[in-house]
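J.: Sequence:
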Amino acid sequence: MQILFKNNLKIDGNKVKKQLKAIVSNRVIIIGIFVLFLFCLLVYRLFVLQIVEGQEHLDSFNYKVERTIETSGSRGNIYDCNGKLLAYNQLAYSVTLETTDRTEEIAQERSKQENRDVSENEVRNEVIYNLIQLLEANGDEIQYDLPLEVNGKGKLVFTESGSALRRFKQDIYGITNVDNLTGDEKEQAEKWLNSSPEEVYEYLRMGTDGPTGSGRMFEISDSYSMEDTLKIMSVRYDLYMNRYSQTTPITVASNISSESIAAISEREDEFPGVEIKTDSLRKYNDAKYMAGIIGYTGVISEDELNEYNSAGGDYEASDVVGKTGIEKTMETTLQGKKGTQKVLVDNLGKIIQEVDSTEATAGNDVYLTIDLDLQKYAYNILERRLAGIVLAHLTTADDAGDSKMIPIKDVYFALIDNNIIDITNLNRKKAEQNEKEVYQIYQNKQKSVMQTLRRELSSGTTSRGDLNEERREYVDYIYDMLVDSEILSSSLMDENDETYQNWEEESISLKTFLQHAINSEWVDISALDIASDYYSSDEIYNELIDYIINALQSDEAFDKILYKYMIKNEELSGKRVCMLLYDQGVLDKNKDEDYNALRTDQMSAYTFMYEKIRKIEITPAQLALDPCSGSVIITDPKTGDVRAMVSYPSYNNNRLANGIDSDYYASLNSDKSSPMLNRATQTRTAPGSTFKPVSATASLEEGIIDGNDYVRCVGIFEDISPSPRCWIYPSAHGSLNVSGAIAVSCNYFFYQMGYNLGTTNGVYSSETGLQKLAKYAAYYGLDRKSGVEITEYEPQISDEDAVRSAIGQGTHSYTPVQISRYVTSLANEDNLLGLTLLDKTTDTEGNELTTYETKVEDELDVSDETFGLIKQGMRDVVNGRDSTIRFLYEKQDLKVAGKTGTAQENTERPNHALFISYAPYDDPDITMTVVVPNGYTSTNAAEIARDIYKYYFNKTSKEEEKATTALMPSGGDSNND
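For the sequence shown, my numbering assigns the number 977 to the last residue and increments by one with no breaks.
For the record, the hints were derived by calculation from the structure and aren't laboratory data. Treat the numbers as computed from the prediction; the structure is a model and nothing was measured. Don't take every hint at face value.
What the hints assert, rightly or not - Listed next, the in silico DSS-like pairs over lysine-lysine satisfying Cα-Cα at most 30 Å (straight line):
(1) K155 to K430
(2) K342 to K638
(3) K404 to K155
(4) K288 to K591
(5) K615 to K84
(6) K84 to K958
(7) K283 to K84
(8) K775 to K288
(9) K337 to K376
(10) K153 to K376
(11) K445 to K575
(12) K591 to K323
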């Protein structure tokens, strides 16, 4: 067969067939054709996917990132017994920050644009800095969690100490357990744990030697100021601590202004990882009255996280929990249940769609037994009475004297000593003229004192005991400073060394002692600026002098001593100190009518300060002089419910919740009146004569006496030596039975009871007497905590000297709330009740979940006759013919029974004042315990109770209830118990 084409070519058909057959039978060619087909198909599909369906698939890709977000349930509310709201939640807006890939992208983009290496750290720091600047420009503050700050001298200091500081260092240096380390690793870990504030600062800023992998820590440029660096560092620290939960953002600032919200929203491209989120802030009504009971909330700590989750909780590192008080005790009740929200986000992390959600549920509400109105009135009365006691002891004399008066110069200095006046701000740029002049006076004083001290250290030979008061205080401060800084090693000092003993006996100078300390190798010269090991003792001593002078010049505590003597020596006048109150905004010169009178010398500084205290514009707490604190506990003797539990002074827990206000927290910790210490549960004092009903119970129940037995008080008890005296000595009470002895608080009678309780077959044993007293103290619950649901110190029943212990001395030490539980059970007669602050819990709809019943811990195994005799005595304490406080109550128609108590624990300070009581005495409705540390006399405590009883039994006028000025004490300072 042949095929003929137009060009006349002839093709052999058979040959073509053979060639086609060869091609088909060649596998390589077949595979090649198949691959070509697949390639064409792939090209076609790519065309469809990218060109035809490209946008659709891009959208689908963006939707495929799923994230689960947990939502917190709102915290339950706290109410008083009448339903008045004490703690609640307020909707607010917070700024959060989380780690995002966008930061790295920006760093890469800028590296190309700027032709330099821009790190991710640099970008992140700039974002944080710009965010901080924006917030502060609108009056908002960041949440500062770094325990590192600059003090008034411009020096870096830690704001934590002890275990909290150690944990912080462990966290930043990545140290888990030092005990498990050995050799060089352990040595390095110990070095890190002992690092100074400056070393921690530099490590966090640019450190590379820590166990953090390659690169630097936060890589914060030195172009930022130290203040700005610390703020950036705080945010970076929070991010660092959150590095294992990067899907959970950190909170940068809470409760931000609408201006900040708008500005961040407008500039969101400048703030990668930053979001505005709705938040729930914890708020407290009547904060200062209830802070000691309610406490406050804060971000959960690592220890708390482990504790709660080990108990079956569902907590994360960013959760907010109760830190103190009822907020902590009732944490699991108040805490809401979390919800979840499943969402789809795009590659920038923005939520595109919600897939599923589970609603969070609110926590339950807690009702307290506290009556807020009673609590507030008792607090105000206590403060007003404390102010009155201070005023009653104010004097223009320079010395306190035997009566322990309060010199006005001590008041002026107290304003500086307790940081009401900030001496570190006197040289600020915008300082007032008076501040500048005071600062100049200080500089002159400092220069003069430093010259004197250098001479004293270089050539002084005056022994420590022969120095005047001022120079002695300087020398003692230097010694203590050297010991505290471990320049002078107390562990190396030989107490048997003759020179050491001479120093302790105050017979040699500081120079002589320090030179001997160097020769004895008690001084750590490594802390001195000594570059050679071949310095002579004299050269080392000269370096030590330089160290001392330099250290004192930047020591704020030493500066306060300088101010103390500037005031004492009248180098700094009282008027100038008072004017500083206006200069620094403590008082408002525009609203205070006394300002011009003081400025123009129409009012003396003494009169001015007297008036400020009288009006309570300067409070006892601010002065932190004796007395500056106290507590009042009111209970229901039938149930053990606590109706009021006042602790003065107090604080504003709103400033500690929702992120601690670091400046405020630091001021609370440095406040000499210790406002964060709950005086009702965390201050122990000797009970004094309020313990005598316990001793009476022991004596009556043990058969030592009965109601018809009399003991003759002769003023001094000579059966033991040294012989204790009755408070009435050199007079005497004469013959008294037990009720009469309680009524007049006869010490002699109860000395005899303590002695008789310890006497067996004519032989006295203090230990036996103590055991019997302890037995009956335990009857009234004085061997255990009171039962209130907040932190409380353990009590201590006396374990020495049965005779003195019988009148509440010895080593007795109880908190006011423990004394309150004792008088509550005494008033009840039948049962030892546990005190409680909790009434009930409800859900958010008000449905009752739990009711807290009366806690009966034991039955009181005490006879009715014993109670009758004791209560008769307590009734006569207030109403009897010989009562020293009868004048307080007799015109008030108040049926009160009670027992006064005065306890001396420091001869240099006023006595403690106590008063326990209940009313009405025939059928008690409430009990009241008043304790005023260093309150001079129990009459002052009884008068505070009288004022509150009047209010409780509706015997106060509207004017009395509204009054706010100091209340002067009605009695003197005589010791009558």
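J.: Hints first: check each against the structure and report whether it holds.
T.: Do the hints match the structure? See the list:
{"no.": "1", "hint": "K155 to K430", "in the structure": "holds, 21 Å"}
{"no.": "2", "hint": "K342 to K638", "in the structure": "violated, 53 Å"}
{"no.": "3", "hint": "K404 to K155", "in the structure": "violated, 38 Å"}
{"no.": "4", "hint": "K288 to K591", "in the structure": "holds, 24 Å"}
{"no.": "5", "hint": "K615 to K84", "in the structure": "holds, 29 Å"}
{"no.": "6", "hint": "K84 to K958", "in the structure": "holds, 22 Å"}
{"no.": "7", "hint": "K283 to K84", "in the structure": "holds, 14 Å"}
{"no.": "8", "hint": "K775 to K288", "in the structure": "violated, 39 Å"}
{"no.": "9", "hint": "K337 to K376", "in the structure": "violated, 33 Å"}
{"no.": "10", "hint": "K153 to K376", "in the structure": "violated, 39 Å"}
{"no.": "11", "hint": "K445 to K575", "in the structure": "holds, 18 Å"}
{"no.": "12", "hint": "K591 to K323", "in the structure": "violated, 38 Å"}
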